[in-house]
Amino acid sequence: MNAVHVDDLERIELDDGFVWRPVRRYFDIRAFGVNAYTAREAGGQIVEEHSEGVLGHEEIYLVLRGRARFTVGGDEHELAAGQLVFVSDPALQRGAVAIDADTVVLAVGGKPGVAYTVSAWETMFAAAPLGRAGRWEEAIALHQEALAGEPDHPALLYNLACLEARGGRHLDALLHLRRAAALEPRWAEHARSDDDFAAIRGEPGFPA
Amino acid sequence: MSGYRIVTLADLDRIEVPGSPVLRPLRHELGVTAFGINAFTGDETGDLVIEQHREEGGPEELYAVVTGRATFTLDGVAVDAPAGTLVHAPPELLREAVAAEPGTTVLAIGADIGKAFSPSGWESFTLANAYRRRGELAAGRAIVVARLTGSPSDWKSHYNAARFEALAGDTDAALVHLRHALALNASEVRKLAPADADLDSLRSDQRFAEAIA
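The listed protein sequences correspond, in order, to chains A and B.
Note that this note's numbering gives residue 202 to position 202 of the first sequence, counting from 1, and the numbers run on in steps of one.
Note that this note's numbering gives residue 6 to position 6 of the second sequence, counting from 1, and the numbers run on in steps of one.
Hints listed in this document are in silico derivations from the structure and should not be mistaken for laboratory results.
Glycine residues also receive a C-beta, built at the ideal position from the N, C-alpha and C atoms.
Everything hinted at is true.
Only some residues are given here: those of chain A computed to face chain B with a beta carbon under 10 Å: (1) R24; (2) A31; (3) F32; (4) A36; (5) E58; (6) E59; (7) V72; (8) D75; (9) H77; (10) A80; (11) A81; (12) V108; (13) P112; (14) G113; (15) V114; (16) Y116.
I would like the entire structure built from these sequences, with the hints used as guidance.
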């Protein structure tokens, strides 16, 4: 299927209050990042507060329908349908709330000078509702699929360990958490206060 | 403030080329370097908004209908696309779209799979030629020079640089670019140059005759 209306895309509600409409995954686009976002209600978050400092992406946020109030680098701008903001500086903090309940924002991104690769956050976003529903094995499978292409991705390994710990796969959780911490020591620090690891915090081998 | 820009699609320049959709040059306007992105407008019902083409060996593309309504034809199958519709076009897909309502705007996003993005020559030359037709020769020349900087081994970039330098009256620069273009693709340049009116200012120069002989 080569065409879809944005309203017919899957709705993945995320903890920060915005709703991810996974365009790239729907079409399996491999050349650039592209996704749509909606809000749960007027006044709700529609683009999460974030920077692209880690990924280094240039991003465009186009208001496809409705109106949104963007905050970019501390400045506020109200954008209506047909308006867009291009954030060329990855370090700039940006986010938006929907002014109208049916607002849709289309986000396009990529890193200059390098071929596009799928961002790990897509897997984590896709797994979020599965985790909330206690469907651990499905959420774990999504992470395993992503890790097959990027076996040393620290954040994916850490998130996988969280799901495994919650899902009762304690030894797998320890292995993957230790691997994440070995690749990026900050994950050991995260793990010490992360409720996901409550069941295995006392196990031998838990990162100190 | 640097680091971001806000744009209204309807306020973008209109690049009108007979027989082609009206190009709204978003990527050039913003200086996007990570992916291709432009908009096309059909003012009236039936206006072309996406030319019939494939991108074989080229970019994967996504079209988003921003305003109005379009009718896409994808490998011969008609698809009704009201505002909010997203259309995915793998490189080999034959695609075309016309406006099904007045004031239809379609955003086109594209990049090659597995390669770092670089702007297409099509975009640069379309813009440069449009500026030249409006009498904005310096603006067109600047686009061609920028294109050449990024693609120094592209014969079309040298050939177009020769045209713009000739139009600007810099015969020496024009001939240098023409020689570069000939070195890179002699058969195409020898087909185009003899009848290209943009090169007329060079024809009385002996070096031109020698180059394309």
